[in-house]
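Protein chains in written order, with the working numbering: chain A, 102 to 439; chain B, 102 to 439.
In case anyone wonders, no lab produced these hints; they're calculated from the structure. Yeah, the Cβ is synthetic: ideal placement off N, Cα and C, and Gly gets one too. Among the clues, some could well be false.
[As the list claims (entries may be wrong)] Derived list of chain B stretches under chain A, where covered just means 3 residues or more per stretch with a C-beta under 8 Å from a C-beta of chain A:
1. 114-128
2. 170-182
3. 252-264
4. 322-332
5. 337-350
[Said to hold, decoys possible] One-sided and incomplete, this derived list gives chain B residues near chain A with beta-carbon spacing under 10 Å:
6. Ile156
7. Val158
8. Ser162
9. Ser359
10. Gln369
11. Phe377
What follows is each chain in one-letter form.
There are 2 protein chains.
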Amino acid sequence: MRIIVDGMGGDHAPAEVVKGCVEATKFTEHTIILIGDETLLHKELDKYPKAKKRIQVVHASEVITMEDAPVRAIRSKKDSSMVKGLNMVKNGEGDIFISAGNSGALMAGGIFILGRIRGVERPAIAATYPILGKGVCLLVDSGANAECRANNLLEFAVMGNIYMERVLGKSNPRVGLVNIGVEETKGTAMLQSAYQLLKNNNGLNFIGNVEAREVPLGGCDVAVCDGFVGNILLKTTEGMGKSVSALLKARLMETLRSKMGALVLAPQLAAIKKEFDYSEYGGAPILGVRGAVVKMHGSSKANAVKNTILKAIPYAEQGVVATMEEAIARIEEDTCVE
Amino acid sequence: MRIIVDGMGGDHAPAEVVKGCVEATKFTEHTIILIGDETLLHKELDKYPKAKKRIQVVHASEVITMEDAPVRAIRSKKDSSMVKGLNMVKNGEGDIFISAGNSGALMAGGIFILGRIRGVERPAIAATYPILGKGVCLLVDSGANAECRANNLLEFAVMGNIYMERVLGKSNPRVGLVNIGVEETKGTAMLQSAYQLLKNNNGLNFIGNVEAREVPLGGCDVAVCDGFVGNILLKTTEGMGKSVSALLKARLMETLRSKMGALVLAPQLAAIKKEFDYSEYGGAPILGVRGAVVKMHGSSKANAVKNTILKAIPYAEQGVVATMEEAIARIEEDTCVE
């Protein structure tokens, strides 16, 4: 299997991306292909003489930046690492494309270059949302589509269900609809319709509405929502995590005695810190395009790059996208509207 | 000043509500009036022989329960503690009404009995959102109106601004619009219109869009959003708080050594626990009705009741509702649409 990594995307590219690829080679036999400015990439790779022969480099002369307008960038920067990487997936020269670059451009590129899965109106970004001490929940859509229709949410659920089962390894995942109350009459008219579509789909283990408070507590395995709600949920969690960490740190450094206590608790505090560390949880797949594409956090460092690569392997190797295509094609017969 | 407290509302009424009122008498000279079943209330009050003469009891023979349909309950249970309490505010027999009862009924009762402030289309519930270690932010709407128009958000901002300044004591509060990005073109068409209305209002210190991650970090003093977004933000925070607490507890109890560390850190852990404790932060005012009404959490115990009463005092005593009425009346001249 060939894993293509965008060597130029993200705040710490190429150095940390290259380092992350090198780290990943210690845990996987699969081929890793770095795409980007070959001079820069080789310069970084030369720091790791043992690992460098395990990593291929494909040259791309252009870079899509965070400031680029997504659609225009994809159309005009034909020799960018992102466009070239996506084309390699399309042409069967690679099995997955991973990038920490411009999210909008990655989504637009996925749609224009790989195409949408037939029947999917809106591809989504599915975040792997950490449940402290209990693994992850898949939050889909986590921010790509601010406004959605009920059928979009059904598509998110069907694809998210497959990703959770096949890539993240949770069998028969509990699918919940994020809403402001548990009763099926809660929320907007759109959510009420989505509830009915999810309830009537035979392929889903739909557990009904879940309130946002249940998501961090592990109340479902796949949390379905529009991208606006997904963004609010994810960003609130991120902010809370930062806020709690700052509070803990300040309190533990308060007095000499508290510093001693913190020293005694060092192993536990390290474990807690690790739970909060997004770089442990892998990247966010773009669901609904005809190929495996994974978005990494823009500020990813080597550890996040390594984990994203390793956790993405089952996405590329098991024909997950093909399974999604089949499930989406069956969506109407699977959903018996009363 | 006369503070009316619903003796029958909430999961722990009347015992904890009565106890909370008794605690409050230690910190305020204002009159506290408990409303509800007088036999039950006197029975509870008899437990506090010293404080009981400081608390008046007004009898109400009916109770609105959590299961009651809000509008029907307000219309049919004329002798309930909630309807009677709101009528007392309307008739000038009390300056504020505080209840831990059915939120929907309290909102409906506020609207039917006290009436809406002229110019306010949708009253809102404003939550006092805890910023760990840094006080509170006012989140408005926190759940009353799942779908809003741009002018509703402007009204929330104008009222929330006054509440933050006059009741919570923050001068010139920073008003932010909760959105999925900071640029003024972000979000739905409704939010883009709301952005312009807030930006063009002279009475507000509008700091622009704030992402949800900034809210727990104290990025604004008044966070304006529709009730759906407010609910997601608030409930995610609640769930994260619970999840973090559980993780901390589990880790600290892990080994003998970690238990010792926890013992050393006892004062800091207690302080952290207190930061997470919603009962410290006071209740949620219903903004937009012609009287001071405050909702307490349904599971409020004595400490939450006491704090809600004490923190609500400036709401009742300073003519805050009258100031809101004036500001809403001026809203069109204050908002110069370009």
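To see whether the hints hold, each was checked on the structure:
1. 114-128: That given contact is violated, which follows from only 0 residues of the stretch 114-128 of chain B lying within Cβ reach (below 8 Å) of chain A.
2. 170-182: Three-residue rule not met by the stretch 170-182 of chain B, so violated; n is 0.
3. 252-264: Since three or more residues must qualify, the claim that chain A covers the stretch 252-264 of chain B is violated, with 0 doing so at under 8 Å.
4. 322-332: With 4 residues close enough to chain A, the hint holds.
5. 337-350: With 12 residues close enough to chain A, the hint holds.
6. Ile156: Constraint on isoleucine 156/B not satisfied, violated at 34 Å.
7. Val158: violated (35 Å)
8. Ser162: Not OK, violated: serine 162/B not within 10 Å of chain A, min 30 Å.
9. Ser359: holds (5 Å)
10. Gln369: holds (4 Å)
11. Phe377: holds (9 Å)
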